[in-house]
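Chemist: Chain H is fixed; fit chain S onto it per the hints.
From first to last, the protein sequence lines stand for chains H and S. Here the first sequence is numbered in the working numbering, starting from 2 and rising by one per residue. Here the second sequence is numbered in the working numbering, starting from 129 and rising by one per residue.
If you're looking for bench data, these hints aren't it; they were derived computationally from the structure. Treat each hint with caution, since some may be false.
[As the list claims (entries may be wrong)] Calculated Cβ distances over 12 angstroms to all of chain H for the following chain S residues:
no. : residue
1   : C250
2   : P262
3   : G337
4   : K361
5   : Q371
6   : D391
7   : S400
8   : R406
9   : D413
10  : S421
11  : R476
12  : D488
13  : G493
14  : K535
15  : L538
16  : G581
[Unchecked claim] Among the chain H residues that face chain S by a calculated CB cut under 8 angstroms, a handful are:
no. : residue
17  : A117
18  : L540
19  : T742
No residue lacks a Cβ here, since even glycine has one placed at the ideal position from N, Cα and C.
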Amino acid sequence: MGSTHPLRPGSNDRVPLMSSSVRIAYGSLVALGMTVALPAAVDYDREIAPLLSEHCLNCHGPDEKQRKGKLRLDQRESATHAAKSGEIAIVPGHPEKSVLVSRLLTQDADEKMPPAKEHKDLTAAQVRLLETWIKEGAPYADHWSFSKLQRPAPPTVQDTHWVRNPIDLFILQKLEQNGLKPVPAANASTLLRRMSFGTTGLPPTPEEITAFSNPSDDAGYRQLLDAKLSSTQYGEHWARHWMDVVRYGDSAGYELDYLFTHSWRYRDWLIRSFAKNKPMDQFIREQVAGDQLHPGDAEAADAVLLLTVGPWRFEGGIQRSKNRDNYWLTDVADTTSAAFLGVTMACTRCHDHKFDPWTQADYYGLQAIFSESDPKEERVGKGGGPGDARPSFMTIVARTGDDTVQILRRGEVDLPIGPAKPSLPAILPEGGPLASRQARRSTLASWLTSPRNPLTARVMVNRVWQWHFGQGLVRTANDFGVRGDTPSHPELLDWLAAELVESGWNLGHLQRLILDSATYRQGSAGAGLAAERDPTHRLLAGFPRQRLQAEQLRDAMLQASGTLNLKSFGSPVVPPVEPWALAALRNKNWSPTKDAAELNRRSVYLVVRRSIKLPFFDVFNGPDTISSCSGRDTTVVPAQALTMLNSQDTLIQAKLLASRLWSESKGQPSAAILKAWPLLFARPVTREEMNEATTFIAAREQAWLKSAPAAALSWSPVKADPATHAREAAWIEWCLALLNTNEFLYVD
Amino acid sequence: MSTEPRSSLLGRRDWLRHVGGGLGSLALTSLLSRDGWLHAAPTPAAVNPLAPRAPHFPAKAKAVIYLFMHGGPSQVDTFDPKPALNKADGQVAPESFHQLKLQFTDVRKQKLMGSAQTFRRCGQSGIEMCDSLPKLQTVADELCVIRSMQHDVFNHTPAIWMANTGASLPGRASLGAWLTYGLGNSVDNLPAFVVMHSKPLKPGPGVWGNGFLPAAYQGTTISAGATPIPYLKAPADLKGGDQRAVLDYAQTMNRRHAASRADTELDARIASYELAFRMQTAAPDAVDIGRESEATRTLYGKGFGEQCLVARRLVERGVRCIQIYHGGDSDDWDTHGDNHNGQTRRMREIDQGCTALIQDLRQRGLLEDTLVVWSGEFGRTPTTEGKNGRDHSPYGYSMWMAGGGTKAGLTYGATDEFGFRAVDKPVHIHDLNATMLHQFGLDHERLTWRHEGRDFRLTDVFGKVVKDVLA
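Next comes chain H alone, as it looks inside the complex (with noise of 0.2 angstroms):
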């Protein structure tokens, strides 16, 4: 394939994708031929460790306080090794002589493990495959995504015709591995419509639509992608996943829930930084230290925000403890360890991981890395005391006084244990304590950002993946520990890692080669054999069918209303919220933004208050804003159908894009239907669909003209005649009914 397709940086990309060793490696392993064997023995990280955790770590794991009987499962040497009465839980080689296996098999309860209490039964099969593991030697391995991170070589395939780059390789390796065949490619309307939401979130405009007819056209498919990833748009769709992995929230939540005035400026920081292609390790670099790595540098001091925007505990009482400080530190520590690390460190604020090899040392470490720093709080105007509203104002500033951290029993200020040195997570390379005098964060943000770090690129680039396929290679984006999802493509992100990593961590590179791929611009997927032997989509045999995000929903309504303003950046918008929305929230101060124009401004930038969310985004599934959000749920909920079908707010959009839609086709049907169709789903209307439309129309149209319609379904600007005004309201149904049809609210 490589000389058809070459690889080749777009206009924007900073550093050639490739280095050249790696593609003559690539091309010649394609030369050869080379089959991929398949592995015959257990494979440790795949079958036993998950199994080991599920059953057994609980009390034979990391943390020694649980530990029962001093047995360790889940490190060789303590497995393999004889314990006081001689007997061993694991003889390599022999399974017969393991106590692990007899303990799993035998009949008597006082014996019998995992204990009846746990509900943890093996079944005959694992325990098979724990015997057979232990006949091979009982090898263990290092956690997949703690090893080292190498760029394998991709596989070769059959289908070489239908590979564009080398993604499709290691896409079509498990295909043919499992008797499937990619989706014939995607038609221009459906690639563009996809394309479009998953870079701007925005659906494609009519005249894309017409520029972009041949989805074999790759000059005019490379030139849009230049045109999205270039844009302001992408910049805010893109900003709006991150503000989901950071909790991003425009008010300190719980009781007072106030507003902060400083978060906006971290959300136009996101926005900016992607729409200029800030390289992803600077991107990372500047939000844990970049007060430190450029003193004095505004943009910098906006991006280090990420440790402010967070849930606020203030309430009456809290203010004299201890433990506003620890909330604060808990949460930067949370934050940044799934953000940035994919792991959930949280467990460890109150024991040493279960499961994974962290420790409560590795957790207070960090939150010893964030207590060099304070959260500096001025809230904005008079007040005070108790129950104090104002809004408030936060920069983070070097902390003054002790900044020791106490590693804590439970989790609980009242109870510590010792002080916390400074560290890095000890089993990760170049992890430990710090050296004395650097500056902590910056010693962070440069150690996250090392090639050495086995797991920020793959985090990355797996969070970007799910970003357009829906689900990633890793399902759980914020868990890559051991209780997390196993890659459904290992050797891919890897690769896709390396890659990023190697083109200087180019973002802009990753989302050309992601969209550019065969796998990417397949047809969305189908019945047939891989619905059945794949219905989950994780060998992606056709493009996942998605849901519109909630904020994608809204812009799209607006967009195709033709009323979306497309101002960017600044301070939030306040929409108006119905009562009853309010009635829960104790902290009332919300005052809608009155300037009309404003309030149809996208979706990222309306507040984000955390005791409420906007009911539109709380039914569409929107975060939670108190912890990193890994990714959204689509659920399917009547209360979904009612605000789309009853809420005033749909209906003002069917009426402006019925307006619309009437003064540019001069009030023909016809020719209004043709327009409808590009607009909302982004092709022609089919002759069948015209005539149903058609009818519809007709059809209330008649009736509207024996039911008086109220006045606010017309939109003429002096008082319609009854055949205009029943025309009108019946144009206003059709477009409701619209914007109520799955082919709008998916992406195929």
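Modeler: Positioned in the frame of chain H, the structure of chain S alone reads:
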């Protein structure tokens, strides 16, 4: 209601494998590809997160009506009379209480304050109750009073989270969400978990949220009046329109769109529109207390009583979990000043509704499998705050249950002589939650959800079923 085979709740795997169809033709799918579903087998059929599911073991209760007293009722002024406290009124609290952490006061600097309420033993059971609850006194023999509730969260917001979700920080799933996850929804035109409140709550609506569970399990707030559920009625401007015609047209397009795509989620969304359509008729009817007899409406009274009456109508229609929050905002059970009068006002507001609910459920044969729960997020100090108020105290407080397989006429557990700390048979919130789940046939240790690499439970890693309070 349902006729489809009921699956067992042995685990997510089975759950997912079994709950294909559900709710007749309904199949509300969730694209359950998030953390919680990862270890599940691939699912060939649509997953209906609300399909009815069988419990772990036979249930005693079909529904729970949870009357939540926002702000913290005072145990020594309601169900836990303390003669010794009255005698010691004005004295400094004994040293053994000095270490207790309170939100606003320092025990050492406060005085013990007796109760100005009068108490009597009621019914055959002799349950003690203050005279500001005259009606409730008449149904004392239906109650199971626990006097030894306790936890250690002394602020409202985290304590309300604690009571509802088993954790004092936001992010976990509420009891109602867990019940819905465990058992599904047994009706096809109403939500399984309904919440009523008349005032803003300190923690906000997240306390009836789904937390990390799928959003389908969150509580739905309903209010009295024309719009019990958000967007339940077509907008007034569309009066004279034909919603069915609009829906039929959209559904024609949806069915054609779905036919070529073989995607169960699309089918589920088509079905969810039909459920939404049915709810528009069913929900207003369910909350319309105008359909009750004059006698019944008089029995329940106004305000809180009306909410209790709505709750009974919902139970009759198969709704599983109903929560009514009494209080909220500034005018609630949170009597930092003028404790006696504040508590008395609150008791008068709830006395009639609670009593009517128990009597009415009993009379209709519904009390046996309807669990009524009355509790606040904590109790109050036997010591003063300011001149005549009481501070929050989670260390020993009272609540009661009725019906749903609980032991009627029982007083369980005890606080110390001043009513500060639970000393006999303490019951933690985790124990109460474990017990409530138990009544629904759910083992709180087995009702789990995988999130961030851990199996979460309503009861965290604690909780034991309080068998002594069960019939």
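Chemist: Hint compliance check: list the failing hint numbers for this structure, sorted ascending.
Modeler: The structure breaks hints 3, 4, 5, 6, 7, 8, 16, 17, 18; every other hint is satisfied.
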